[in-house]
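Q: In case you want the letters, here they are:
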Amino acid sequence: MIENKNKVLKLSTAGSVDDGKSTLIGRILYDTNSLTDDKLEAIERNSKQKGFDYLDFSLATDGLVAEREQGITIDVAHIYFSTSNRSYIIADTPGHVEYTRNMVTGTSTSQVSIILIDARKGVIEQTKRHFFINNLLRTKEVVVAVNKMDLIDFDEAKYNAIVKDFQKMIAASDYKNQNITFIPVSALNGDNVVNKSENLAWFKGETMMEHLENIRMEDIQEKAKARFQVQTVIRPKTEEFHDFRGYAGKLKGGELKVGDDVTIFPSGRKSQIKSISFFDKAYLAASAGSSISITLMDDVNVSRGDLIVKSDELPKETKQLKATICWMDNQPLEVSSTFFLQHGAKLVKSKIKAIDHKISTDNTGEIEKVNQLNMNDLGMTEIQLAQPLHFDSYSDNKGNGAFILIDTKSNTTAGVGFIE
Amino acid sequence: MNDKVINNPLEDEAIYIFREVAAQFEKPVILFSGGKDSITLVRLAQKAFYPAKIPFPLLHIDTGHNFPETIEFRDQLVKELGLELHVHYVQDNIDAGNVQEESGKYASRNMLQTDSLLQAIEKHGFDACIGGARRDEEKARAKERVFSVRDDFGQWDEKNQRPEVFDMLNGRIDFGQNVRVFPISNWTELDVWSYIQKENMEIPSIYFAHKRNVFERDGLIWSAHDEYVFRAEDEIVTEKIVRFRTVGDMSCTAAVESYAFDIDKVVEEIAASTISERGARIDDKRSEAAMEKRKQQGYF
Numbered sequence: 004m005i006e007n008k009n010k011v012l013k014l015s016t017a018g019s020v021d022d023g024k025s026t027l028i029g030r031i032l033y034d035t036n037s038l039t040d041d042k043l044e045a046i047e048r049n050s051k052q053k054g055f056d057y058l059d060f061s062l063a064t065d066g067l068v069a070e071r072e073q074g075i076t077i078d079v080a081h082i083y084f085s086t087s088n089r090s091y092i093i094a095d096t097p098g099h100v101e102y103t104r105n106m107v108t109g110t111s112t113s114q115v116s117i118i119l120i121d122a123r124k125g126v127i128e129q130t131k132r133h134f135f136i137n138n139l140l141r142t143k144e145v146v147v148a149v150n151k152m153d154l155i156d157f158d159e160a161k162y163n164a165i166v167k168d169f170q171k172m173i174a175a176s177d178y179k180n181q182n183i184t185f186i187p188v189s190a191l192n193g194d195n196v197v198n199k200s201e202n203l204a205w206f207k208g209e210t211m212m213e214h215l216e217n218i219r220m221e222d223i224q225e226k227a228k229a230r231f232q233v234q235t236v237i238r239p240k241t242e243e244f245h246d247f248r249g250y251a252g253k254l255k256g257g258e259l260k261v262g263d264d265v266t267i268f269p270s271g272r273k274s275q276i277k278s279i280s281f282f283d284k285a286y287l288a289a290s291a292g293s294s295i296s297i298t299l300m301d302d303v304n305v306s307r308g309d310l311i312v313k314s315d316e317l318p319k320e321t322k323q324l325k326a327t328i329c330w331m332d333n334q335p336l337e338v339s340s341t342f343f344l345q346h347g348a349k350l351v352k353s354k355i356k357a358i359d360h361k362i363s364t365d366n367t368g369e370i371e372k373v374n375q376l377n378m379n380d381l382g383m384t385e386i387q388l389a390q391p392l393h394f395d396s397y398s399d400n401k402g403n404g405a406f407i408l409i410d411t412k413s414n415t416t417a418g419v420g421f422i423e
Numbered sequence: 002m003n004d005k006v007i008n009n010p011l012e013d014e015a016i017y018i019f020r021e022v023a024a025q026f027e028k029p030v031i032l033f034s035g036g037k038d039s040i041t042l043v044r045l046a047q048k049a050f051y052p053a054k055i056p057f058p059l060l061h062i063d064t065g066h067n068f069p070e071t072i073e074f075r076d077q078l079v080k081e082l083g084l085e086l087h088v089h090y091v092q093d094n095i096d097a098g099n100v101q102e103e104s105g106k107y108a109s110r111n112m113l114q115t116d117s118l119l120q121a122i123e124k125h126g127f128d129a130c131i132g133g134a135r136r137d138e139e140k141a142r143a144k145e146r147v148f149s150v151r152d153d154f155g156q157w158d159e160k161n162q163r164p165e166v167f168d169m170l171n172g173r174i175d176f177g178q179n180v181r182v183f184p185i186s187n188w189t190e191l192d193v194w195s196y197i198q199k200e201n202m203e204i205p206s207i208y209f210a211h212k213r214n215v216f217e218r219d220g221l222i223w224s225a226h227d228e229y230v231f232r233a234e235d236e237i238v239t240e241k242i243v244r245f246r247t248v249g250d251m252s253c254t255a256a257v258e259s260y261a262f263d264i265d266k267v268v269e270e271i272a273a274s275t276i277s278e279r280g281a282r283i284d285d286k287r288s289e290a291a292m293e294k295r296k297q298q299g300y301f
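Chains as they are written, first to last, in the working numbering: chain A, 4 to 423; chain B, 2 to 301.
Worth flagging that the hints you see were computed from the coordinates, not collected in a lab.
All C-beta atoms, glycine included, are put in the ideal place defined by N, C-alpha and C.
Under 10 angstroms between C-beta atoms, here's a sample of chain B residues computed to sit facing chain A:
id, residue
1, Asn3
2, Ile7
3, Pro10
4, Glu12
5, Phe19
6, Glu21
7, Ala24
8, Gln47
9, Lys48
10, Phe50
11, Ala53
12, Glu165
13, Leu191
14, Ser277
Kindly generate the complete structure, drawing on both the sequences and the hints.
A: In structure tokens:
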């Protein structure tokens, strides 16, 4: 087994209503001994109360009263478990059509997507949507779990037909650089989820958990250029650190080293990295994901939202963005409306100049001329900015290629954008 | 000079969140109970802003039913780091007749904290309250955002939360609203203990095994501290070697029998535990939706 100690793997799950998503998660928790006695007792008690003759694991994940009443998942829930190998975080996202925004939300923070299919139904409209959103967010590692194999008598031919159907979808997709793994399971009985199953003896691949345990971090990490956006400027103003100006931020992509020639945007000023620190220790280098603070050789003016990059890896610059928007608000998105555009730590006034078209999420890539985007719609838009943005295409650097739109009146996060 | 920063994704995420709070809000405060989670928060805040001081004060809602060890620890920490501490007493609210003390066998001041918290927020004008709640603790908390908006009455609208995509945190609010911030949302209990171990952090002594006078009720071990915790005549006091896994109000926190006298043993114990942390929180046992209800009303 690959050594993954002290590493966290973030998963997200997508499935339609009744595909057994919560049951799958419950099964993983149960078979990895992650359910504590008191939680298990609560599940047993509740299952009995509801008159089920099996353990209803969905009760382990559906946290809100309304969810338990309706037997559905409304909001993204986060579930934690660990094996002796590493820790896992599952973002459990609802499968209803009207909750697309939740799937985008859950997928945006995960490294592996698990798409659930009901073996009786095969690839349906919803599966296509899940795969489409997964590809829009460029999730590289995908697990397709064909669930409820017990209800089709563990039939290999039927399973193969579903895989073949799914592969047609893959062939039609524009995102090629991904690893897709198919696994037949029965979450209700635990076949092939964590433990191998006699019922699926014909399946020669790994169980779902074996597969997850063997995913290597270096294979799923984004290979991107170093982008350091300043969150806040640290100025201690103490005797010991009299002239100290540290730029604090979380490195997105790549690596930074002391001595690197850098350019700061929007000013375009050039300098060199003088020091890299994490808490009270100095380092020679830092890689993507580290929350560091750096100092520069020159006394240049740097403030929140500024982007520091290596001088030979410059970002794109524009005041007119083209971006795919996933709309998340009850109020539809209309041309000429204004928003705050938040790009990491940078906030810019913005105006929707045009909605080019709405994109069908059923993986046909079909487009439709529209005047507005409603909640859960995806559309291609043109956005005018009050100040230039220094960015990368989302497909080159996720962290520097995505933004959110904030409603200027309600302050809510109304949509998320992926820059062309 | 050290080679390359070794990153711990959970720590990096928490530091990132602290820095967003400092940049996006005018008057943030760290909700500090003296428990291990809030001590961890203080440590992370130190790291986020070093070499500057932590740019937030601490706020403690004192139920008056605390473990004395926790209060001692709190005052020591505040002194060492040169922080500002605000304390609001639930007792003041009871004396003023704003809230009523619970009665009966399960009486606790845990619920009464909410009013004091909301008053403190209003009095000081705090716009961001940083708390040590974790999503793995309880299933209503599993639905909580990192930046969780509360209305003018401190209420949580769980069905209408702002989506949080990637790591972008939207802290824009109207005057009178506030945001509850949870930097260690994604940590588990074991993550916290492992961190305390790795960082060699000081924590209150009640987290380690010690002798204590206790009595048993409903399969849980309660502190025999008659002044704060109701005890019936037939509930007999014995001395046991126990420790606390979670520290709240004395009247709602049960002890566990343990011989974990040091941090290494505690980490071992937690890793092997088959009972969840909040299994020892008497306040969660009230109903299936106990936490969700309290959160809607403004509980942290």
